[in-house]
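Peer 1: One-letter residues, chain by chain:
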Amino acid sequence: MSDHTHDIKKEIKVYLLVFGALAVGTVITVALSYAHFPLPLAISVALLVATIKASLVACYFMHLISERKLIYVVLIIAGIAILGLPLSLVYNYHDVLEGTVYVP
Amino acid sequence: MEGIPYTVERHPETGVFNAKLGVWLFLASEVMLFGALFSTYILLRVGALEWPHGSSILNVPIGTFNTMVLITSSVTVVMAWASLKMKNLNKYKLFMGLTILLALTFLVVKAFEYGAKFEHHNFPSKSTFLAIYFTLTGLHGLHVLGGIVVNSYFWGPGARMWQTDPERFTNRIEVAGLYWHFVDLVWIFLFPVLYLL
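If you read the sequences in order, they're chains E and L.
Position one of the first sequence corresponds to residue 1338 (the working numbering), numbered consecutively onward.
Position one of the second sequence corresponds to residue 45 (the working numbering), numbered consecutively onward.
Any given hint could be a false lead.
Keeping only pairs whose Cα atoms sit at most 25 Å apart, straight-line, the calculated DSS-like set for lysine-lysine is [unchecked claim]:
no.	chain 1	residue 1	chain 2	residue 2
1	L	K135	E	K1350
2	E	K1347	L	K137
3	L	K154	L	K170
Just so you know, the hints here were simulated from the structure itself, not pulled from any lab data.
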């Protein structure tokens, strides 16, 4: 068996482990939703588990863990754009123009 | 006329073959598209006087089932690529075929979910929650459909390239797989945000 085939077989084991982790993560997310935590805690936990699952997919299935620097640069630019939008909303949320009249 | 350069070997400037850089640039634009829609969701939810719990409107067991379906399809598509790396076209066909079947299962389940909502007159115009639910899941569903078209091509007529240029075909499957993983990744966030919170 060539080294190349051996490497791929090792990778397949990692894929199956990641699949197990994703399935467990899904079960945990659903189970916790039935625990009826206060909303801020529920949002934090659900998004934390989702972020871990998404990172596993990106790092191992999409091979980002061993990708070239240029791909990281492309993703960092996209990341800044998607974080910038909600953060700018938070910053300006209470910034209401003077004299604004609300229609009931 | 020369063919497209760097379809197999890595470009000296970028360190990756051209299609890979192309798909990552496309995925970066997709990240921004879905990111903007998630921001819209956050703004609408924060600004609403009241917001329904997702499970009071949507079916959590069905959503969980569909999440497992997409996660499984992510494994099968990466196994399809790994099969080509091991020079096994039959296994590739099996795993890519499974990926397509799982994607179709996801869409059929989603169609039943939509049908049940419409039956109860739960249209996008009924509430802000339903409007953002149909927008986000509808756009995601279109991406699933796009993935089915591309993967079906590579399962069927596109697989002929394996005979003439196997390395290039393997790279094509890697690129198609990257797109498919992204579709899974978006659902990983959509499911808890819409169904569980």
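Peer 1: Output the indices of the hints that this structure fails to meet, ascending.
Peer 2: Per hint list: zero violations.
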